[in-house]
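There are 2 protein chains.
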Amino acid sequence: MENMKRTATCGGLTSSDAGSEVVLNGWVHRLRDHGEITFINLRDRYGVTQVVVEPDSAESVRSRAAELKLEYCVAIRGTVRRRPDGMVNAEMPTGEVEVVAQEISILTRSETLPFMIDERSDAREDLRLQYRFLDLRSFSMQEKIRLRHDVAFRVREYLNSQHFYEIETPTLIRSTPEGARDFLVPSRVQPGKFYALPQSPQLYKQILMVSGFDRYFQIAHCFRDEDARGDRQIEHTQIDIEMSFVSRDDVFTLIEGMFGHVFKKTLDRQLPATFERISYDDAVNLYGTDKPDLRFGLEFVDFAEIAARSDFQVFKTILSEPAGTVKALRVPGGAEYSRKQIQELEEAAKTFGAKGLAWMKVTADGLDGGVARFFGALKAEVLSVTGAGVGDLILLVGDKWQTACFSLGAVRSKLGRDLKLIDQSEFRFAWIIDFPLFEWNSGENKWEAAHHMFTMPQERFIETMENDPGAVKGDLYDLVCNGYELASGSIRINDPELQKRIFNIVGFSPEEAERRFGFLLNAFRFGAPPHGGIAPGLDRLLMIMAGESSIREVIAFPKNTAGVSPMDDAPNFVDDKQLRELSIHVDAPAPEPSGR
Amino acid sequence: MENMKRTATCGGLTSSDAGSEVVLNGWVHRLRDHGEITFINLRDRYGVTQVVVEPDSAESVRSRAAELKLEYCVAIRGTVRRRPDGMVNAEMPTGEVEVVAQEISILTRSETLPFMIDERSDAREDLRLQYRFLDLRSFSMQEKIRLRHDVAFRVREYLNSQHFYEIETPTLIRSTPEGARDFLVPSRVQPGKFYALPQSPQLYKQILMVSGFDRYFQIAHCFRDEDARGDRQIEHTQIDIEMSFVSRDDVFTLIEGMFGHVFKKTLDRQLPATFERISYDDAVNLYGTDKPDLRFGLEFVDFAEIAARSDFQVFKTILSEPAGTVKALRVPGGAEYSRKQIQELEEAAKTFGAKGLAWMKVTADGLDGGVARFFGALKAEVLSVTGAGVGDLILLVGDKWQTACFSLGAVRSKLGRDLKLIDQSEFRFAWIIDFPLFEWNSGENKWEAAHHMFTMPQERFIETMENDPGAVKGDLYDLVCNGYELASGSIRINDPELQKRIFNIVGFSPEEAERRFGFLLNAFRFGAPPHGGIAPGLDRLLMIMAGESSIREVIAFPKNTAGVSPMDDAPNFVDDKQLRELSIHVDAPAPEPSGR
Chain A
1 MENMKRTATC GGLTSSDAGS EVVLNGWVHR LRDHGEITFI NLRDRYGVTQ VVVEPDSAES
61 VRSRAAELKL EYCVAIRGTV RRRPDGMVNA EMPTGEVEVV AQEISILTRS ETLPFMIDER
121 SDAREDLRLQ YRFLDLRSFS MQEKIRLRHD VAFRVREYLN SQHFYEIETP TLIRSTPEGA
181 RDFLVPSRVQ PGKFYALPQS PQLYKQILMV SGFDRYFQIA HCFRDEDARG DRQIEHTQID
241 IEMSFVSRDD VFTLIEGMFG HVFKKTLDRQ LPATFERISY DDAVNLYGTD KPDLRFGLEF
301 VDFAEIAARS DFQVFKTILS EPAGTVKALR VPGGAEYSRK QIQELEEAAK TFGAKGLAWM
361 KVTADGLDGG VARFFGALKA EVLSVTGAGV GDLILLVGDK WQTACFSLGA VRSKLGRDLK
421 LIDQSEFRFA WIIDFPLFEW NSGENKWEAA HHMFTMPQER FIETMENDPG AVKGDLYDLV
481 CNGYELASGS IRINDPELQK RIFNIVGFSP EEAERRFGFL LNAFRFGAPP HGGIAPGLDR
541 LLMIMAGESS IREVIAFPKN TAGVSPMDDA PNFVDDKQLR ELSIHVDAPA PEPSGR
Chain B
1 MENMKRTATC GGLTSSDAGS EVVLNGWVHR LRDHGEITFI NLRDRYGVTQ VVVEPDSAES
61 VRSRAAELKL EYCVAIRGTV RRRPDGMVNA EMPTGEVEVV AQEISILTRS ETLPFMIDER
121 SDAREDLRLQ YRFLDLRSFS MQEKIRLRHD VAFRVREYLN SQHFYEIETP TLIRSTPEGA
181 RDFLVPSRVQ PGKFYALPQS PQLYKQILMV SGFDRYFQIA HCFRDEDARG DRQIEHTQID
241 IEMSFVSRDD VFTLIEGMFG HVFKKTLDRQ LPATFERISY DDAVNLYGTD KPDLRFGLEF
301 VDFAEIAARS DFQVFKTILS EPAGTVKALR VPGGAEYSRK QIQELEEAAK TFGAKGLAWM
361 KVTADGLDGG VARFFGALKA EVLSVTGAGV GDLILLVGDK WQTACFSLGA VRSKLGRDLK
421 LIDQSEFRFA WIIDFPLFEW NSGENKWEAA HHMFTMPQER FIETMENDPG AVKGDLYDLV
481 CNGYELASGS IRINDPELQK RIFNIVGFSP EEAERRFGFL LNAFRFGAPP HGGIAPGLDR
541 LLMIMAGESS IREVIAFPKN TAGVSPMDDA PNFVDDKQLR ELSIHVDAPA PEPSGR
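As they're listed, the protein sequences go chains A and B. For the first sequence, position 152 (counting from the first letter as 1) is numbered 152 according to this note's numbering, and the numbering increases by one without interruption. For the second sequence, position 34 (counting from the first letter as 1) is numbered 34 according to this note's numbering, and the numbering increases by one without interruption.
No wet-lab data here; the hints were simulated from the structure. Hints may be right or wrong, so weigh each one.
One copy or any two copies: either way a pair holds, since identical chains are not told apart in the list.
Claimed, not checked - Below, computed lysine-lysine pairings styled on DSS-like, alpha-carbon distance capped at 27 Å:
#  : residue 1 : residue 2
1  : Lys500    : Lys5
2  : Lys316    : Lys291
3  : Lys500    : Lys69
4  : Lys5      : Lys473
5  : Lys577    : Lys446
6  : Lys316    : Lys350
7  : Lys446    : Lys340
8  : Lys291    : Lys414
9  : Lys265    : Lys420
10 : Lys414    : Lys355
11 : Lys473    : Lys316
12 : Lys577    : Lys340
13 : Lys355    : Lys340
14 : Lys446    : Lys500
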């Protein structure tokens, strides 16, 4: 095809090219045969150009054009000409011109398509994943994969400018399961031993700080053998970052600068220079979640004080119990809600454990319906505390603190969507800070690390942390955006003695610690610097930037929710010889190998 | 440590900072206690600064300084001052100044070191790998890891400027073993099925071309379960590149531009705008290898014609057989070689299968020693063909073409080193082109793909390739540098019919092809563009750039030659529970779990 190699792309011709001869290479995107005249929309990564086969074209051109079908890969030589005034297509960047075909070469043919490239959204997702190579030809997927490249490049550009080194950590590591299950890789050379795939480079990046690299990052592939759950992938990508001799605010400044650079360069969006900070307690109290969507209000107010003075015995009982609370949420204009609508909100509340959703409306006559009768004497205070006015609905949940807040948080999320309070073009970042360091595991009756065991307690708690682990706040933070957790990070423990105390609180024996994290603890014996980091998820970031609701839409070759790649049918059976070489066999009788 | 956070690095202070107060954070690199006065060389990633504890320092500073040992991680507050004229250290960037300590805070202590950071090269490699976190503190390792970051960044910078997208391909894929063994990953959710780790993203990058991405790259982690062999790693990194609508020369231009950019930006070295091209046949004929080190000459000459007319029956017999040849190599000044030295050269030749190494010296009296007596009558021609003069040594190997050449190639390599002909500061790139497409596997009595089965035959061979597969040249190329193969690539087959003919020649049944590469062949049914690519190895590139002889020196956390990471003891035993969940067990009785 040497003489039919492209001299221009399908996205670059303008009226200033009129009169010049070009060769285009691409795919037949659309075909319109008007009898005497044929229009071919030729597509490549750069755009679409209209090619015309005219009545007076050479017979060889006309007969070749007649052979074309959608998605044939072709080379076309022709002359650029300005379209007649009435035919200019302002919606195409190349809409001012067309190419009059003088030679058409079919490079490869295409069979009938399983779905139209342009209309991918009509196809079932599993069919699209099976034919991912066609799905990826769509403008929508091309643009998202381009954006992903651009974001990753801008991340690297920024971190390089901030003197970070990108350092590759190994993929075949020792199994140190934590949080999720490890994927295992049998060693052939040492039968019975296994490598594991990293759930994150956590231990290695801390070791790099011990090694004095000062500022590390890596756009790293991470692996978790978790059960299929909605929008999880068994392999995902994170922007893994670690810094030495820093405190939390240094991490924040870096990340605010990085996201500012990325959003400016890729979407031409100006983010605020700093992101607001919300304590974990405030986030739960105001929004009923530790990843609030701040693109809309509907903040809760504390209703305990009023409820305690009301005649509503249910709330009074709750408030008499430890950690009992009552939270209120005002729905502007909600007085018009039907009983069915309120019931749907109650369903949302119940998914987080609330036993019910109490409500009252504010009408011209006063408080009305639901639990209004118990608050008649407190009307003025109810209106003052909730800020409610005529036409509003007041929703109330009474329960233990977290249950009450998270339940009302689910209601708030549903209202945000239902009432279309969300500006979909907005990106609202915030830091969630002051998380508890430990969580009580009531099933196993013990304290657990809320994040991971290497997180530094906030200094004011260190001395007495054993007395009341539940009260200890960690030097630990999340970055949230539009209701998603985008990143999690912390300042790490660099003092072996403090690390031992943490292990002790969560009931981790020195032997177990040595077995699991021995090499990190070993490193810490040789002068570990203070250090901390963070790890924004690249898939989720792209999903938010592209306005998608699934990370599969921003990954070139994702697995489906069952961990299967329908395109190449992975995982699959392997040759017995491969298993023999690995000295392993499968316990369960394997089903018959499939045809593929 | 908030009030002892660094305000400067250990690499940045100059005499213009004299008088200012700074806080430095770093490690105690050297300690010199001169009784009244103590010198601390404080190190961080950026350099080393001398800190002085003076006789009139506060008692708290002097006592803290007395506690210090090597590699303690400390924070020091002090005042910068110009060193007295006689004390300036011109070899340190900070050698004009020192910091007079006013406050010393020990952040963390260090135990006694297993080896001195500065003197890592004296330690056994396995000890260095076990304590890699200390090994990485050395200036040498810090610099190589920095260079690696810089090279990867410049590669991305260049490819981004050339409109390539970096696209992540999956790590958990279907097993399609080819070349080497796949690492396998058991699926927990589908017992009996396995994912594999990619030996390269080959099939996926070709699919991305079918998807129309036009220009793809990825700095990709690749995995091969190969037996320990010298300088191999079971996981390595390659700069994976693929382009559509291109021919070989487009790939060459891109790569020449990329390496030019990388060497200029990272080492400030100007590479030639284009690299020389040597056919496979010429490389073997002249240098006895397909990866010649061109930093020195010692090219072979064809000696068959003279040998055929000589009295040396051994060569005459060889030449009468198919593919028999005789090659000569002139060693300047080699007439002084002892019999032992020549014997060592013969040993080198024998490693590639030569049965012997014939030789003769050129003295003032004529040809002398070895096989000289058989060439007496041809002296003038011998001197003319070999270019030899008085004082030289002529080495000869007669055998089948490849054996003769490769054997003499081993001799040439040894001579290059022994005679110190190599300028170690030079980088000599070349393209090796016109490789054979097929190789005869005499063990299995069949043709095999010399590179891989997706390589395009050169056009002139396509029509008749079944007649003489051994004569077919592929559209296939290597990039070599300083005697190493740095990259391999090819133009790929995009025509399903041609692909079938290749499968047929190498005896690959349609069923086998479908089972192994079905998803790629499936993609090719929908209009695959002409495409080709290449994949430079990042580890080897760094090794060459850093002047090292092992890739382990340019990888932060390498495995040793047994595939083991001595730092974290991977691979290792895992919990029985993990294996039960995966429905696999190990056949061989596993030895007792080790303590770690």
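Going through the hints against the structure:
{"no.": "1", "hint": "Lys500 x Lys5", "result": "between (66 Å within a copy, 25 Å between copies)"}
{"no.": "2", "hint": "Lys316 x Lys291", "result": "neither (30 Å within a copy, 85 Å between copies)"}
{"no.": "3", "hint": "Lys500 x Lys69", "result": "between (69 Å within a copy, 23 Å between copies)"}
{"no.": "4", "hint": "Lys5 x Lys473", "result": "between (64 Å within a copy, 22 Å between copies)"}
{"no.": "5", "hint": "Lys577 x Lys446", "result": "between (46 Å within a copy, 22 Å between copies)"}
{"no.": "6", "hint": "Lys316 x Lys350", "result": "within (20 Å within a copy, 95 Å between copies)"}
{"no.": "7", "hint": "Lys446 x Lys340", "result": "neither (42 Å within a copy, 75 Å between copies)"}
{"no.": "8", "hint": "Lys291 x Lys414", "result": "within (15 Å within a copy, 65 Å between copies)"}
{"no.": "9", "hint": "Lys265 x Lys420", "result": "neither (29 Å within a copy, 51 Å between copies)"}
{"no.": "10", "hint": "Lys414 x Lys355", "result": "within (18 Å within a copy, 83 Å between copies)"}
{"no.": "11", "hint": "Lys473 x Lys316", "result": "neither (30 Å within a copy, 88 Å between copies)"}
{"no.": "12", "hint": "Lys577 x Lys340", "result": "neither (62 Å within a copy, 48 Å between copies)"}
{"no.": "13", "hint": "Lys355 x Lys340", "result": "within (17 Å within a copy, 94 Å between copies)"}
{"no.": "14", "hint": "Lys446 x Lys500", "result": "within (17 Å within a copy, 63 Å between copies)"}
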